[in-house]
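S.K.: Line by line, the protein sequences give chains A and B. Take the first sequence: its letters are residues 1 to 527, numbered as in the numbering used here. Take the second sequence: its letters are residues 1 to 199, numbered as in the numbering used here.
Be aware that one or more of the hints could be misleading.
[As the list claims (entries may be wrong)] Simulated DEER-style distance windows between Cβ atoms: (1) Q301(A) to R159(B): 45 to 55 angstroms; (2) A193(A) to D138(B): 19 to 29 angstroms; (3) D104(B) to T212(A): 14 to 24 angstroms.
[What the hints assert, rightly or not] Over 10 angstroms on every C-beta distance to chain B, these chain A residues come out as not near it, computed from the model: (4) A9; (5) P81; (6) Q86; (7) A202; (8) D392.
Treat the hints as calculated values from the structure; they're not laboratory data. Cβ atoms here follow ideal geometry from the backbone N, Cα and C, with glycine treated the same way.
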Amino acid sequence: MTTFLGMPATAPRGVGHLRGDQTFPRAARDALQNSQLRRNLRHATTTIRGKSGRVIAELPDWQLLRDAGSGIKTDVMSRLPELLEQLEERVVAVGGVVHWAADANEANTIVTELVKATGSDRVIKVKSMATQEIGLNEALEAAGITPVETDLAELIVQLGDDKPSHILVPAIHRNRSEIREIFLRAMPGVDPALTDDPPVLAAAARRYLRETFLSTRVAVSGANFAIAETGTLGVVESEGNGRMCLTLPDTLITVMGIEKVLPSWRDLEVFLQLLPRASTGERMNPYTTMWTGVTPGDGPQNFHLVLLDNGRSAVLADTVGRSALHCIRCSACLNVCPVYERTGGHSYGSVYPGPIGAVLSPQLTGVADNASLPFASSLCGACFDACPVKIDIPSLLVHLRNQVPHAAVEKAAMAAAARIMDSPRWYASAQRAAKMARIAGRRGRGLPPPLSGWTAGRDLPEFPKQTFRDWWAQRTDAPAATRASGSSGGPSGSSGGAAAASGGPSAGSGDRSEAPDGTRSEREDGR
Amino acid sequence: MSSRDLILGRVRAALRDAPVVPEAPRDYRPAGTNRVDLEMLVDRLVDYKAEVYRVTSAEVAATVSGLVGAGGAVLVPPGLPEEWRPEGAFADENLPPDRIAAADAVLTAAAVAVAETGTIVLDASPDQGRRIITLLPDVHVIVLRPAQVVASVPDAIARLDPTRPLTWISGPSATSDIELNRVEGVHGPRHLHVLLLTD
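Take the sequences, apply the hints, and build the full model.
M.R.: As C-alpha cells, then:
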C-alpha cells in the first residue's frame, strides 16, 4: 500500500512504550491480586485527591481557568502548523537548534547522535513522558551511553529494573521498605545501615546523584510548555533535579511533543495555575525553570529542541479524538479513576496510564494495537470533572470503542444471536439448550470458549428454573388469559410476571444468587 | 523530504477540516484585580517550610550571619547591594561548581514574589546572579522588597521578562515520591529563608 507523503501516521511498533505485552483485562487480573499494590495506590490516590481538592477550592475562578485552558488548547490544535513554525523561528533566533522527529526511531537517533557529538558517554535526565514514550533510555544504552534518571521516583524505577506506574509519581506502587531494598541492592556506594525512613532514603539519593550532576556534561529533558511567541521553554518539578539538569551541563537536549506549544507568554498565567493544583495538589510546585535559548554565562551553552510527532498528527486527524492532545500530563484523571485505583498503571501497558492513557495510547498507536484500552473504564465521568483542561474523556472512550475492530468469533456469535432471536422457534430451542447447559456445567465456572471472555469479568447469572414461555404454556387457562390481558390490561399480566420472576430464583436456594434476587422479590412483594 | 516538511505536512493534512476556533475565553481574574496581601505571602511561604523574617535593610547582614553561624561562608551574586553583605561574604566571579557547592549559604535578591502561591521568582539580574549559585549551596536566603510582591500568577507573568532565565521557587526542594510523604530537600537547597524588608 502506498501512502502519499504527509499522511498522518501512527507511532511505529517495536520501539518505545505505548503498547503492552497483554490486554488490559489480562494484565489487570494479575494486578488485582496484588494487595500491596492496591493498598499503596489507594493511599496515594486518596491523598492527592484530598490535597488537590483543598487548593482548588482556594481559587474563586477555577472553572473560568479551566475554560481558558480548554479554549487555549483548542486554539493551539487548530493552528498547530503556524505555531510550530513560529516556535522554531524564535528558538533559532535565541541560539537554539531545532530538530524535527517524525517518530520514536528518528527522535532516538537524533538524540543519540547529539550526545555522541559531545563525546559524553553519560547523560542526566529530567523525568519526561516524551522520552519514556519513545524508549530513549534503551536507545541510548544500545549506543553505549548511560542515561541516569535523576527524579527520585524515576531513579527508584530505574534501579528496580521496573516500569513507571503513574504519570506524576512513577514509583507509587512501591512502599518504603521495597524502596529501601532496591537502594541496598542497586545503588552503588549506599550505606548498608540505610533505614526505610523517607528522609533517609531521599538523602541517599541526594548523595548518590550529587557527583553525577556535577560531572555530566549533557542533559536530556522534556518540556511542560514552549511559548511560540518568545521561544521560551519550561520545566515544572519539585526536587531540584530538574534545575540541576537544566542548569549545570554544557549541552541540553529537550524532547517535546508537538502538542505542547502555547501561543503566547501570557498563556502561562493560565497553565501555571491549573497544572500544580490539579497535579500534586500544591498551590505551586517547588521549582519551575524557564529558559529562552542560550544565555551567555548562565546555564547550557548548547541547546537542542527535538519536536516529536510519533502519532500525534494521527490523533489530530480525528476531529473528535484530537482533544486528547490538550492533555497537560497533570495525572488528575488517574487519581480520581476507580479503575486505575484498583488496577494500577502497569495494567494499561503504555507509559500513559489511567483514563487519559486509555484514550491517548490507542490513538497514538492506532486503535487496533491497543483495542482493550477504550474499555478500561466504567465511564463514570470523574476524569472529565477532574481534568483541568476539560477533556471529555468519557465521550472519547465511547468514540474509540466504536472504532475497535471486533474479533471474528465475536462477530459470528453476534450474527448467530441475531438470527436466533429473530425466530421464536429457534429462540425457544436456545432457551432449552441453555437449561441443558446448566445441568451439564457447574455454576460459577462461566461459559466455555469462545464465550469465556464475557464471563471472565462478570458473574454468569443463573438461568431461572422455568422460562416465562414454559410457565405461560403450562397455565391451564393460558389462551383465555392471553385474551383477557389483551383487553382488560396490565394488572393480571404484570403480577403474573412478578410471580414468575420471584418464583424462579427462590426455588434455587443455597447459592449466592439468592441475595440480590431475594431483595428484588421482597421489594415486589411490598409494593 | 525533510522530517520538518513531513511533520508539518501531516499536521496540515490532519487539520483538513479547517476548524474555526473562537478566541479562548479569559474570564478568570486577570493581572491587576487583586490586592497584594503580604500576610498571605508569609502564610504560604511558611506553609511550604520556608522560614520568614521581617527585617530592615540595615538588619539583613546581621540576620544572615546569625542564620549561617559564625565563620559561615556566604556566597553572593556580584550585583548584591553592599549593605546586605554579611562579613566574610564572597561574590560569584564565575566560580567553578565545587566552590559554589562549598558555600554554607547563598544570599540573593529576587525579581517578583506571588502572594497567592508563596512563590519567589529569580530572573538572573545582577543582584540574583547565575542560576547555578542558588542551586548548589544547601541554604538559600532571599531578600524581598514589599514592592516586589504581587497578588497572583497573572500579575507575576505581566511583570516578568521571558527572555531572561527564570527560576520560580516555592519553598525548599521537596519530594513526595516515597508513599507521598513530603520530604524537604532532595537535590536543591534544603533550607529556604526569606527576609521580607520592612523599610
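S.K.: Looking at the structure, which of the earlier hints fail to hold?
M.R.: Hints 1, 4, 5, 7 contradicted; others consistent.
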